[in-house]
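Student: Respectively, the protein sequence lines represent chains A and B.
Quick note on numbering: the first sequence equals residues 1 to 404 in our numbering.
Quick note on numbering: the second sequence equals residues 405 to 808 in our numbering.
Rather than coming from a laboratory, the hints here were simulated on the basis of the structure.
Heads up, some of the hints might be wrong.
Derived CB-CB ranges, DEER-like [as the list claims (entries may be wrong)]:
1) A/49 <-> B/710: 47 to 57 Å
2) B/666 <-> A/36: 33 to 43 Å
3) A/260 <-> B/624: 29 to 39 Å
Dumping the calculated SDA-like pairs for lysine to any residue here, alpha-carbon to alpha-carbon at most 20 Å [stated by the list, open to error]:
4) A/185 <-> B/585
5) A/272 <-> B/585
6) A/185 <-> B/679
Fair warning: this is a prediction, and the values are worked out from it, not measured in the lab.
Heads up, the beta-carbon is just placed ideally off N, CA and C, and yes, glycines get one too.
Number of protein chains: 2
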Amino acid sequence: MKKLITLVAGLVIGGLSAFAQQALYGGPQVESPVINPDGTVTFRYQAPKAVKVEVTGDFLPTEKVEVEFNGQKMAFDAPGVGVLKEGQNGVWEYTTPFKVAPELYNYTFRVDGNTVIDPNNMWVNRDVASLTSVLLVPEAGARSDLYAIHAVPHGTVSKVWYHSDKQGFDRRLTVYTPAGYETSKAKYPVLYVLHGIGGDEDAWVTQGRATQILDNLIARGEAKPMIVVFTNGNISQEAAPLENSTGYTRPTMSLPQTMEGTFETAFPEIVKFIDSRYRTLAKKQFRAICGLSMGGFHTLNISLNYPDLFNYSGMFSAAIGVTDPSISPMYQDFDRKLAAYFAKKPALLWIGIGRTDFLIQSNNEFRAKLDAAGYPYKYMETDGGHIWRNWRIYLSEFVPLLFK
Amino acid sequence: MKKLITLVAGLVIGGLSAFAQQALYGGPQVESPVINPDGTVTFRYQAPKAVKVEVTGDFLPTEKVEVEFNGQKMAFDAPGVGVLKEGQNGVWEYTTPFKVAPELYNYTFRVDGNTVIDPNNMWVNRDVASLTSVLLVPEAGARSDLYAIHAVPHGTVSKVWYHSDKQGFDRRLTVYTPAGYETSKAKYPVLYVLHGIGGDEDAWVTQGRATQILDNLIARGEAKPMIVVFTNGNISQEAAPLENSTGYTRPTMSLPQTMEGTFETAFPEIVKFIDSRYRTLAKKQFRAICGLSMGGFHTLNISLNYPDLFNYSGMFSAAIGVTDPSISPMYQDFDRKLAAYFAKKPALLWIGIGRTDFLIQSNNEFRAKLDAAGYPYKYMETDGGHIWRNWRIYLSEFVPLLFK
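Just chain A, with the same shape it has in the complex (with noise of 0.2 Å):
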């Protein structure tokens, strides 16, 4: 037996990069984060040398913020921060004085004024362009434990390239198949989910956590079992950061022609290519579509210049506002395709925002043409911003109201 012990060792050792030794070797590992039994959550940092360390993230109240933008000031949610304080060894240590709500939410820590993710925490989102750890707190009951994953049927999660001909490049999509479509002789109904500015077809299922939620909801009989697409917006671009063939993509403001109508416009060959590749409910009455910020922009968007695509339309702190009809033909005749959109009875129009979310005003501005020509839709309002936090409520909520 020795030899076995002295064998994975080695394998352990030296089968993986010296990295990963400090993590397995280098003495006492820092645990971090930990959930304490009172519900409270400690976060640790090693670094001896440091001056100051900080932790910043959205378990934290909010500050307002302003930042100052073409000469322009605006004000925003950011939030505040917990100051660690130095023990043995270096660690430095920041236990919450609350306890955490049950959520999903992000951190990083700032040491000596640098922004570093957590070390000791695998759990890793690109968030548009930077890294975020991320810390899990589920409940069973609390809506958070639908972000968990739970020993049920779970879907399959692909990454699948379609062509597009708009375009005249192969393109990337994330398809969620629930669980039993691949043994069943089934048609499915099929919802589209799209992402916010900045974004991709990654964002939701790892921020989102979208595919947790679906598995979760499906599971417990409060949701459809549904083919779930989660397209790119960024029209120009072939896939998400890294995943292109042009290279590594920074985003900056140059924007990858997200909000200028072609995405909406190139939307029905996206349908096509799922209705030719997947078994599904080939249907207006079974496609849904929903999207966050510039996403619900696009889903209103194309759920009014293509009325005849989808029953049910969710709009989650929808960037409403940009319809200079010089833009594009598809922001043209606003008032005409909302009112061709109602005559035709879609099942659901869905529309959900945050109490402090800079677009809330755009938004009761939608609400009250709305309520004026006596067009029917449902809303949800909730506490804070323009944050993932909503945006997997909204899912949440959206998703089990869908083909019933």
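Position chain B relative to chain A; hints supplied.
Tutor: Coordinates of chain B only, in the frame set by chain A:
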């Protein structure tokens, strides 16, 4: 148009978490890493109050490092260190004094002794329990060009769950179906690819760049279109860390049933699942298996115990040596099984290992045994040790030999 610009700015600033603001608007962005026109690479890290900033990674020449485990000293190759110098605005910088050869590299910074990834590089891989930043230096004609994404037809990459009757729970696989699979009616050969100790079903598609290698080799006509299945060899786990219903799993020395025979014993149920789920050519002639390190050991034992299953077997830096028959019936009667395996004339046994790999002696002993018995095999010896660079090379060499 002003309204549009303001709205888009609002979306970009407000629509991101506050974390992302820094990357997009936090003053002049630090670019790191940068491949310079002369082929050197510059690494930068902003840390105005740091005392010492170093970079370490496998782009640097290696140094011998001694590790003590269970009272035994073991020597391993560890990458060297580059020391960054502080410049303006607290931005530290290091430029390699040499042209960095085309390859895929992993690196991290050490800031005052603390290991952190590059906050300006979104490309991060999890390597067992650690995160590392990734640098790809591709070059037309160089092997590393196989690891880059090109504008060629892309296969579909899926995370798929199968039910393990042996274990009594669902387990996750990564499955690659080649471009054209979904629209073809043809049946395809299947390659099973196994990871090393501490790895999982993600390892070969992140660190291994296996799906890029497959896409590119198939597009060049250098490999047959094939289905590729990446298993999880930690048989007591459902899935990779963070994908388990049992919560966060941190790799430790209590290994999740890795080299005690259960994975090999249960392997036929994976083959059965794949043959039932996909359009496979379900015959030995059209099946291949390969693996790195522990996965090479698994490959050998699966090939010997099920000599009618695989026609092609690839052992990459294989952890040969655990043959104590008391551990599992899988490891009994090795010589007899070896003879029976070769009596059935498999199309290929392929062995690859690095010259400085700590496993080269046991591989040499195994080859001596094959030579003495006149058993045929192909052999490749490369520079370096027990590292991903070699495993990517071996996969690139092995795949073109299959199903011809």
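Student: Confirm or reject each hint.
Tutor: Taking the hints in turn, this is what the structure says about them:
no.: 1; hint: A/49 <-> B/710: 47 to 57 Å; result: holds (55 Å)
no.: 2; hint: B/666 <-> A/36: 33 to 43 Å; result: holds (36 Å)
no.: 3; hint: A/260 <-> B/624: 29 to 39 Å; result: holds (37 Å)
no.: 4; hint: A/185 <-> B/585; result: holds (19 Å)
no.: 5; hint: A/272 <-> B/585; result: holds (18 Å)
no.: 6; hint: A/185 <-> B/679; result: holds (18 Å)
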